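Here are the chains, one letter per residue:
Protein chains: 2
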Amino acid sequence: MSEDCVSALQASLGAAVLSGDAIPERHYSDATGHAPCRPLAVIRPISTEQVSTAMRLCHAHRCPVIPQGGMTGLAGGAVPTSNSIALSLERLTGATEVDTAAGTLTAWAGMTLEATQHAAESAGLRYPVDLGARGSCQIGGNIATNAGGHAVVRHGMTRDQVLGLEVVLADGRVLNLMNSMIKNNAGYDLKQHFIGSEGTLGVITRAVLRLAPALGDTHTVLCAAVDYAGVVKLLRRLRGSGLSLEAFEVMWQDFYAMSCNWSAMAPPLDAGLPLYVLCELEGDESRLQGILELSMAEREISDAVVAGSKAQARQLWKIREATAEFPSRLAPINFDISLPIGIIGEFAAAICESLNERWPGCRSAFFGHIGDSNLHLTVDANSLPVNDAAAHHAIESLVYGLVGKRGGSISAEHGIGLLKREFLRHSVTDESLTVMRAIKHALDPRGILNPGKIFTSEPIAMSALA
Amino acid sequence: MSEDCVSALQASLGAAVLSGDAIPERHYSDATGHAPCRPLAVIRPISTEQVSTAMRLCHAHRCPVIPQGGMTGLAGGAVPTSNSIALSLERLTGATEVDTAAGTLTAWAGMTLEATQHAAESAGLRYPVDLGARGSCQIGGNIATNAGGHAVVRHGMTRDQVLGLEVVLADGRVLNLMNSMIKNNAGYDLKQHFIGSEGTLGVITRAVLRLAPALGDTHTVLCAAVDYAGVVKLLRRLRGSGLSLEAFEVMWQDFYAMSCNWSAMAPPLDAGLPLYVLCELEGDESRLQGILELSMAEREISDAVVAGSKAQARQLWKIREATAEFPSRLAPINFDISLPIGIIGEFAAAICESLNERWPGCRSAFFGHIGDSNLHLTVDANSLPVNDAAAHHAIESLVYGLVGKRGGSISAEHGIGLLKREFLRHSVTDESLTVMRAIKHALDPRGILNPGKIFTSEPIAMSALA
Numbered sequence: 038m039s040e041d042c043v044s045a046l047q048a049s050l051g052a053a054v055l056s057g058d059a060i061p062e063r064h065y066s067d068a069t070g071h072a073p074c075r076p077l078a079v080i081r082p083i084s085t086e087q088v089s090t091a092m093r094l095c096h097a098h099r100c101p102v103i104p105q106g107g108m109t110g111l112a113g114g115a116v117p118t119s120n121s122i123a124l125s126l127e128r129l130t131g132a133t134e135v136d137t138a139a140g141t142l143t144a145w146a147g148m149t150l151e152a153t154q155h156a157a158e159s160a161g162l163r164y165p166v167d168l169g170a171r172g173s174c175q176i177g178g179n180i181a182t183n184a185g186g187h188a189v190v191r192h193g194m195t196r197d198q199v200l201g202l203e204v205v206l207a208d209g210r211v212l213n214l215m216n217s218m219i220k221n222n223a224g225y226d227l228k229q230h231f232i233g234s235e236g237t238l239g240v241i242t243r244a245v246l247r248l249a250p251a252l253g254d255t256h257t258v259l260c261a262a263v264d265y266a267g268v269v270k271l272l273r274r275l276r277g278s279g280l281s282l283e284a285f286e287v288m289w290q291d292f293y294a295m296s297c298n299w300s301a302m303a304p305p306l307d308a309g310l311p312l313y314v315l316c317e318l319e320g321d322e323s324r325l326q327g328i329l330e331l332s333m334a335e336r337e338i339s340d341a342v343v344a345g346s347k348a349q350a351r352q353l354w355k356i357r358e359a360t361a362e363f364p365s366r367l368a369p370i371n372f373d374i375s376l377p378i379g380i381i382g383e384f385a386a387a388i389c390e391s392l393n394e395r396w397p398g399c400r401s402a403f404f405g406h407i408g409d410s411n412l413h414l415t416v417d418a419n420s421l422p423v424n425d426a427a428a429h430h431a432i433e434s435l436v437y438g439l440v441g442k443r444g445g446s447i448s449a450e451h452g453i454g455l456l457k458r459e460f461l462r463h464s465v466t467d468e469s470l471t472v473m474r475a476i477k478h479a480l481d482p483r484g485i486l487n488p489g490k491i492f493t494s495e496p497i498a499m500s501a502l503a
Numbered sequence: 038m039s040e041d042c043v044s045a046l047q048a049s050l051g052a053a054v055l056s057g058d059a060i061p062e063r064h065y066s067d068a069t070g071h072a073p074c075r076p077l078a079v080i081r082p083i084s085t086e087q088v089s090t091a092m093r094l095c096h097a098h099r100c101p102v103i104p105q106g107g108m109t110g111l112a113g114g115a116v117p118t119s120n121s122i123a124l125s126l127e128r129l130t131g132a133t134e135v136d137t138a139a140g141t142l143t144a145w146a147g148m149t150l151e152a153t154q155h156a157a158e159s160a161g162l163r164y165p166v167d168l169g170a171r172g173s174c175q176i177g178g179n180i181a182t183n184a185g186g187h188a189v190v191r192h193g194m195t196r197d198q199v200l201g202l203e204v205v206l207a208d209g210r211v212l213n214l215m216n217s218m219i220k221n222n223a224g225y226d227l228k229q230h231f232i233g234s235e236g237t238l239g240v241i242t243r244a245v246l247r248l249a250p251a252l253g254d255t256h257t258v259l260c261a262a263v264d265y266a267g268v269v270k271l272l273r274r275l276r277g278s279g280l281s282l283e284a285f286e287v288m289w290q291d292f293y294a295m296s297c298n299w300s301a302m303a304p305p306l307d308a309g310l311p312l313y314v315l316c317e318l319e320g321d322e323s324r325l326q327g328i329l330e331l332s333m334a335e336r337e338i339s340d341a342v343v344a345g346s347k348a349q350a351r352q353l354w355k356i357r358e359a360t361a362e363f364p365s366r367l368a369p370i371n372f373d374i375s376l377p378i379g380i381i382g383e384f385a386a387a388i389c390e391s392l393n394e395r396w397p398g399c400r401s402a403f404f405g406h407i408g409d410s411n412l413h414l415t416v417d418a419n420s421l422p423v424n425d426a427a428a429h430h431a432i433e434s435l436v437y438g439l440v441g442k443r444g445g446s447i448s449a450e451h452g453i454g455l456l457k458r459e460f461l462r463h464s465v466t467d468e469s470l471t472v473m474r475a476i477k478h479a480l481d482p483r484g485i486l487n488p489g490k491i492f493t494s495e496p497i498a499m500s501a502l503a
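Going line by line, the protein sequences match chains A and B.
Heads up: the first sequence begins at 38 in my numbering, then just goes up one per residue.
Heads up: the second sequence begins at 38 in my numbering, then just goes up one per residue.
In case anyone wonders, no lab produced these hints; they're calculated from the structure.
Not one of these hints is a red herring.
Each computed EDC-like pair below joins lysine to aspartate or glutamate, with the alpha-carbon atoms no more than 16 Å apart:
(1) A/K270 - A/E335
(2) A/K270 - B/D136
(3) A/K270 - A/E330
(4) B/K270 - B/E330
(5) B/K270 - A/D136
(6) A/K442 - A/E383
Where chain A lies over chain B, by a calculated footprint (3+ residues, C-beta under 8 Å):
(7) 137-150
(8) 182-192
(9) 217-229
(10) 373-379
(11) 408-414
(12) 446-452
(13) 472-479
Derived DEER-like restraints, expressed as beta-carbon distance ranges:
(14) B/A387 - A/E158: 28 to 36 Å
(15) A/E322 - B/E390: 50 to 58 Å
(16) B/G253 - A/C389: 35 to 43 Å
(17) A/R395 - B/A132: 36 to 44 Å
(18) A/S420 - B/E322: 54 to 62 Å
(19) B/F363 - A/A132: 38 to 46 Å
(20) B/S500 - A/N120: 22 to 30 Å
(21) A/G172 - B/P311: 40 to 48 Å
(22) B/G51 - A/R395: 49 to 57 Å
(23) A/E319 - B/C74: 52 to 60 Å
Quick caveat: nothing in here was measured; it's all calculated off a predicted structure.
We put the CB at the ideal spot given by N, CA and C, even for glycine.
All chains should be built: construct the whole structure from the sequences, respecting the hints.
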């Protein structure tokens with residue numbers, strides 16, 4: 038059946054279809070390194086029409102389709118199975134249009150985030166989503182996973198930038214939702230369904246994105262907070278300061294010490310203090326100085342350093358970016374969770390205690406986009422008595438169990454994909470899961486779009502579960 | 038059948054159900070004044086459980102349910118039919134919680150917008166959605182219609198403030214989506230489905246809303262633009278200025294003259310100029326002065342006045358708020374449309390020309406939240422040779438037809454409800470309508486929730502329309 042589908046695809050799409058040994062390995066797995074798997078074929082369409090043809094044929098043959106972008110995902114969302122067909126959007130990269138009056142940019146799904154940023158800059162504007170994988174990740178994938186990144190505290194997630202979409206549905210129908218207005222309440226806002234749905238409801242082919250003005254003068258400052266309450270107070274002061282807060286990154290003591298140690302950098306602020314906050318702000322420096330002085334006088338922070346040059350700012354950011362070295366220096370078990378901002382400090386302490394109780398000497402590092410309620414936590418599996426799959430699973434169960442108990446999310450910005458499916462119930466009620474499956478059933482009744490991602494259960498109508 | 042339903046509701050919910058003559062007239066129609074109609078009964082639940090019970094019973098009896106909030110809608114979305122049951126959320130007003138660390142507020146659906154604003158202010162924060170009906174409109178209705186208002190240019194629409202929701206589904210199931218984090222990618226973001234769905238997919242009972250910092254020093258300025266290109270350039274300058282643009286309202290010549298005339302106000306800037314822009318900005322006044330000088334030197338604006346006091350600012354806003362007098366001074370046919378910002382000027386001219394070609398002497402006024410791509414247009418039916426339903430319909434057809442041709446939306450912020458159903462196809466493709474009906478079918482297969490609103494067609498599964 039699936040072999041017939043490949044033949045039909047080749048007959049219709051010719052060179053856009055690669056099969057067998059001709060499939061490049063990059064289509065086998067994503068940045069998680071999840072067990073690589075060669076799909077039956079990979080389709081690399083160069084137009085919306087080709088995507089539509091591909092979906093129509095796969096739908097007719099009931100053949101599973103795995104949409105793929107830059108393969109930089111961290112949840113296994115784009116990993117194929119051996120009986121599926123990968124649909125790579127990498128060649129869907131036509132002309133980009135910038136409308137400077139409306140402040141919008143129209144991009145094809147296969148365009149990299151970096152190219153999108155450059156297109157905006159060339160027009161004197163800015164696409165404000167930014168993340169480490171900018172050079173490889175693609176706009177379609179960013180939208181399908183509702184990517185976050187560094188500047189969410191000011192600009193929101195990818196969802197907040199999307200004004201319009203073009204989507205190919207499971208059966209090949211093309212949905213034109215290419216709205217370019219800020220306000221549009223003409224019926225259901227259908228684009229919202231596809232943003233963050235990880236390729237399970239439709240294939241995103243084009244988007245209208247909102248642009249921000251170019252960034253003015255920014256200041257980078259590193260503060261040492263006396264405790265987590267101090268972090269929260271500083272956040273509130275900066276938010277209400279009239280300055281624009283572009284980033285509010287927090288590093289716990291161990292993370293900071295480890296990072297400075299790795300880079301052999303003299304710590305710009307003493308190591309051994311409880312918490313470090315790295316902020317990026319746009320606006321008047323005198324106002325920033327005033328806030329730092331006040332925050333110090335109120336004993337919320339004990340020290341602060343404002344970067345005096347771009348080079349110094351880069352040095353400060355380098356401390357936070359030590360995460361890039363995790364894979365080479367640790368055996369990292371990474372978490373991407375979110376919790377109400379006020380309880381993150383206490384939660385981090387509780388997790389630390391639970392980990393050490395069960396695995397004495399367990400090494401962990403806490404850091405994150407705290408201004409967005411997003412905590413990252415990395416456990417070094419090398420510090421466990423036994424580093425095996427069972428230990429990984431036990432640690433995940435412990436962390437996600439505690440996240441669920443406190444009303445947090447097991448996925449702040451990376452999605453669920455394959456890797457977090459089993460833990461989804463910690464953040465999602467049974468009723469919500471029922472509705473998700475019903476939506477999936479409504480849009481993809483044959484379940485051919487990225488099956489097995491997000492949830493293990495089959496799509497089914499709600500009435501059947503009443 | 039429906040009478041049985043009322044009896045069942047009375048048996049379960051007692052005093053929360055009013056029927057026959059006991060139903061207050063406010064439940065008969067909304068702010069449009071659409072033909073009032075007494076529903077079979079009105080249910081006024083005081084808890085989510087009561088809403089759930091009400092929906093379960095109505096679902097069992099297949100009885101239509103019309104959710105109602107403050108009845109301030111402008112599209113007929115809350116108008117009942119004689120065989121339906123109105124479900125008013127007006128008594129669902131429990132305690133409000135503000136989390137100052139997270140910057141969130143938890144509100145019940147029946148809380149007025151004004152009470153929500155006050156609760157935020159009491160905590161030193163701000164709920165940034167604002168609109169004329171603030172004293173009567175309710176949070177549940179605001180969310181169900183994705184309300185816009187004055188500050189969208191900075192803070193976005195109601196959708197952008199909603200972090201979490203509690204929703205009662207058509208069959209009475211309660212969906213707990215009370216997320217309070219900025220980032221949460223754990224499965225589909227189900228709350229998005231209900232925002233702006235005008236009560237056709239579920240009944241909103243509670244919400245977690247995002248708060249903004251309290252507003253700092255603001256400046257109100259009225260500018261005269263030399264042409265529409267000047268308006269667009271001014272908008273771009275202000276957006277990129279480092280000042281925070283809270284409002285960017287444009288008034289065309291006729292609107293401005295009419296308003297100053299009605300209030301017997303000496304025009305703060307000469308009447309007879311092409312366009313007037315009323316802005317509200319937060320930030321340094323010197324920076325604002327610099328931009329105004331530059332904009333004048335570049336001949337984008339010809340004159341400007343900055344309010345020197347709160348009283349002067351109120352005077353300037355009064356010019357824009359002349360719309361409140363439309364019902365008493367005109368026979369207004371109102372439009373709430375959106376278009377890409379760059380083409381609004383040319384569109385307004387084209388509409389004006391078309392109207393005058395067909396109805397010589399036709400009086401119209403153009404104004405709107407141009408910073409959000411939202412144009413309001415009012416035609417005075419008194420200026421038509423014949424002011425009857427056919428003329429209204431002809432004018433609507435003309436305007437919406439042109440909106441559709443230019444890729445605009447027939448509803449920027451008021452929704453579709455009853456009044457715009459027939460014109461929905463101008464802004465929504467057949468495929469989109471199919472998907473909307475499929476979503477409706479998935480969540481409300483019996484079609485009991487606000488039937489006949491948004492679209493006339495029945496909910497139906499997509500596969501049935503393949």
